[in-house]
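Going line by line, the protein sequences match chains A and R. Be aware that the first sequence starts at 1, since it is given in this note's numbering, and climbs by one per residue. Be aware that the second sequence starts at 1001, since it is given in this note's numbering, and climbs by one per residue.
In short, the hints are calculated from the structure, not lab data. Check before you lean on any hint, since a few could be wrong.
Unchecked claim - Heads up, simulated EDC-like pairs for lysine to aspartate or glutamate below, C-alpha to C-alpha not over 16 Å straight-line:
id: 1; chain 1: R; residue 1: LYS1106; chain 2: A; residue 2: GLU363
id: 2; chain 1: A; residue 1: LYS418; chain 2: A; residue 2: GLU380
id: 3; chain 1: A; residue 1: LYS343; chain 2: A; residue 2: GLU415
id: 4; chain 1: R; residue 1: LYS1106; chain 2: A; residue 2: ASP369
id: 5; chain 1: A; residue 1: LYS77; chain 2: A; residue 2: ASP55
id: 6; chain 1: R; residue 1: LYS1107; chain 2: A; residue 2: ASP375
id: 7; chain 1: A; residue 1: LYS343; chain 2: A; residue 2: ASP385
id: 8; chain 1: R; residue 1: LYS1107; chain 2: A; residue 2: ASP110
id: 9; chain 1: A; residue 1: LYS343; chain 2: A; residue 2: ASP365
id: 10; chain 1: A; residue 1: LYS465; chain 2: A; residue 2: ASP337
id: 11; chain 1: A; residue 1: LYS310; chain 2: A; residue 2: GLU341
id: 12; chain 1: A; residue 1: LYS418; chain 2: A; residue 2: GLU444
id: 13; chain 1: R; residue 1: LYS1107; chain 2: A; residue 2: GLU363
id: 14; chain 1: A; residue 1: LYS262; chain 2: A; residue 2: ASP375
id: 15; chain 1: A; residue 1: LYS465; chain 2: A; residue 2: GLU299
id: 16; chain 1: A; residue 1: LYS343; chain 2: A; residue 2: ASP375
id: 17; chain 1: A; residue 1: LYS310; chain 2: A; residue 2: ASP365
id: 18; chain 1: R; residue 1: LYS1106; chain 2: A; residue 2: ASP365
Quick caveat: nothing in here was measured; it's all calculated off a predicted structure.
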Amino acid sequence: MNLSNDIYALIYLVASILFIFGLKGLASPKSAILGNTLAMTGMAIAVIATAIHPDVTSYWWTIAMAAGGIIGYVIAKKITMTSMPELVAAFHSLVGLAAVFIAVGTYFKDINLGHIEALTAVELSLGSAIGALTFSGSVIAFGKLKGTFKFPLFSSNPVKFPGQHFVNLIMILGIIGLCVYFSINSDSLEAFLILTAIAFILGVTMIIPIGGADMPVVVSMLNSYSGWAASATGFTLNNNLLILTGALVGSSGAILSYIMCKAMNRSFISVILGGFGGESADSSDDTQVKKNYKSAGSEDVAYMMENSSKVIIVPGYGMAVSQAQHTVKDLWQSLSDKGVEVKFAIHPVAGRMPGHMNVLLAEADIPYDVVLEMDEVNSEFPTYDVALIIGANDIVNPDALTNKSSPLYGMPILEVHKAMQVFICKRSMNAGYAGVDNSLFYYENASMVFGDAKQTIQTIVNAIKGTGH
Amino acid sequence: MEIISNISTPMLGLYVFVLACFVGYHVIWGITPALHTPLMAVTNAISAIVIVGAILIGGFSNPSVETVGGTELNIIEIIGFFAVIMASVNIFGGFTVTNRMLAMFKKKK
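Chain A with its partners taken away, still in its complex shape:
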């Protein structure tokens, strides 16, 4: 019995409990800040306990911690809320790469202290491979989300090559084979490093075929992987705190992926296999009959809105792209001042990551109790006089409910077409990310408002304020 080890285990247990309560705090915005503080406390306890661990005999890493801390803090303070998906992807990649470094470092340390057991070799392989996969996959996701790089692998359209799934399968088998070889010849650095290199490549080839609109699933999935990487590292180090925390994060990401898939009516497998979305998917061009749509000016929208009693606003990725959230807040404010009841409706996959729209609206100071989830609001659409859709498309396409031949069929949507009047604020008649024509645009009660989201909303706000005396 080693008393000292038990004391460390006890301290780590306290940290684990703080993490669990920290996550639980996010059940409501009221308790969330306290939750974050608890999680921070848990992290501080874990770091301090490790720093005074007898195995730690040199302290150069404290410089690394200070440097990393400053970098992280500055980035987190400066980042704009619209860039949050990229930031999260970038952070996932760091956890992945750290896991690889720790696995390699542990290899050298264990070799130095003796030799590596077969089981340790398997654990090292797992930690390193999942870490490498998380790293390169997140880098690709980051590039796709950022969307400003010319590099073809960072294209938000799916990147495919012949035999892609077969190549991926071969790589997975290669990793397993090398893992077995490494556990038998457990001092073989070569096998360990080649296995890690293959995992880096696999991360790239797994994420490139996935299109822009499936990004919420990818980001959640990588979130999950970063957790599994932490767990695998925990097994290597025989550290239950890492195993537990990794499992919490891993299951969190897995559940988010599940929620996102469900909201798109797609199976997880089909998202992973990729190829959905992007410009190439549009086949409706050939068969498309010229249909008539109506278009409305900003003044018409303003007039309709200020003379209604209930208005619902549906934001989508287009609002994030044109950074229109603050202008949307002005719209909400000026209508509320006139006694119009204004609510927001959020589809689970609106934007590029889970909860993306909620954060943007919160940033613009829109109180969270006027922001409704899909399930809360869907039965109420007929009671709204005006629905204003800002830069959203597939998530309001009624074909998903009625047209069995539509690729979107079966996807739960926000049933905005049931409102008295629908305005769709959009740049052009182009199809959404799924490449599918939206039948909502041709509805009797729908009108298009063309233009950049921010400018359009601004002119609507001006019109409302201008007529308000």
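Following the hints, complete the assembly by docking chain R onto the known chain A.
Same frame as chain A, but now just chain R:
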């Protein structure tokens, strides 16, 4: 004590892992969808708990290990050094950005 010592450490780890997945499952389903982005940011920060492993690597000095290129550092410490940088970017960045986001969620006055 008797019972614990009969289970191997990895098996104990497996118990912790499986049970923690169940805890995670129940806790995460209780989280409001409005806070899913902060959830990702905070899980990101806590997955940087791998810093514990990074510190154990970065803090490993043993006279038997050769130091690198005239420095006092050995290769293991250097690998650990970089791992600590990455993990701490995540910890400080992740918690700070979560805090920033959560502070924005306000109720109607």
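So, going through the hints one by one against the coordinates:
A C-alpha spacing of about 10 Å is found between LYS1106(R) and GLU363(A), which places the hinted pair at or below 16 Å, so the restraint holds. The suggested pairing of LYS418(A) with GLU380(A) holds, with an alpha-carbon distance near 9 Å, which does not exceed 16 Å. This hinted pair checks out: LYS343(A) and GLU415(A) have alpha carbons roughly 15 Å apart, not beyond 16 Å. Only pairs whose Cα atoms come within 16 Å are accepted, and LYS1106(R) paired with ASP369(A) is accepted, the gap being roughly 8 Å.
Between the alpha carbons of LYS77(A) and ASP55(A) the distance comes to roughly 35 Å, so the proposed pair goes past 16 Å and is violated. Our distance criterion of 16 Å between C-alpha atoms is broken by LYS1107(R) and ASP375(A), whose separation comes to about 20 Å. As the CA atoms of LYS343(A) and ASP385(A) are separated by approximately 12 Å, the hinted pair is consistent with the 16 Å bound. For the proposed pair LYS1107(R) and ASP110(A), the alpha carbon gap of about 54 Å is over 16 Å, so the pair is violated.
Among the hinted pairs, LYS343(A) with ASP365(A) is consistent with the structure: their alpha-carbon atoms are about 14 Å apart, no more than 16 Å. Distance restraint check for LYS465(A) and ASP337(A): the Cα-Cα separation of roughly 10 Å lies within the 16 Å cut-off, and the hinted pair is therefore satisfied. About 5 Å separates the Cα atoms of LYS310(A) and GLU341(A), which keeps this hinted pair within 16 Å; it holds. For the hint pairing LYS418(A) with GLU444(A), the CA-to-CA distance comes to about 11 Å; that is within 16 Å, so the pair holds.
For the given pair, LYS1107(R) sits about 13 Å from GLU363(A) by alpha-carbon distance, which is consistent with the 16 Å threshold. Pair hint LYS262(A) plus ASP375(A) holds up; C-alpha atoms about 13 Å apart against a cutoff of 16 Å. For the given pair, LYS465(A) sits about 11 Å from GLU299(A) by alpha-carbon distance, which is consistent with the 16 Å threshold. As the CA atoms of LYS343(A) and ASP375(A) are separated by approximately 14 Å, the hinted pair is consistent with the 16 Å bound.
Restraint check: the Cα-Cα separation between LYS310(A) and ASP365(A) comes to about 20 Å, which exceeds 16 Å; the hinted pair is violated. Pair hint LYS1106(R) plus ASP365(A) holds up; C-alpha atoms about 7 Å apart against a cutoff of 16 Å.
Checked against the numbered hints above, the structure violates hints 5, 6, 8, 17; every other hint is satisfied.
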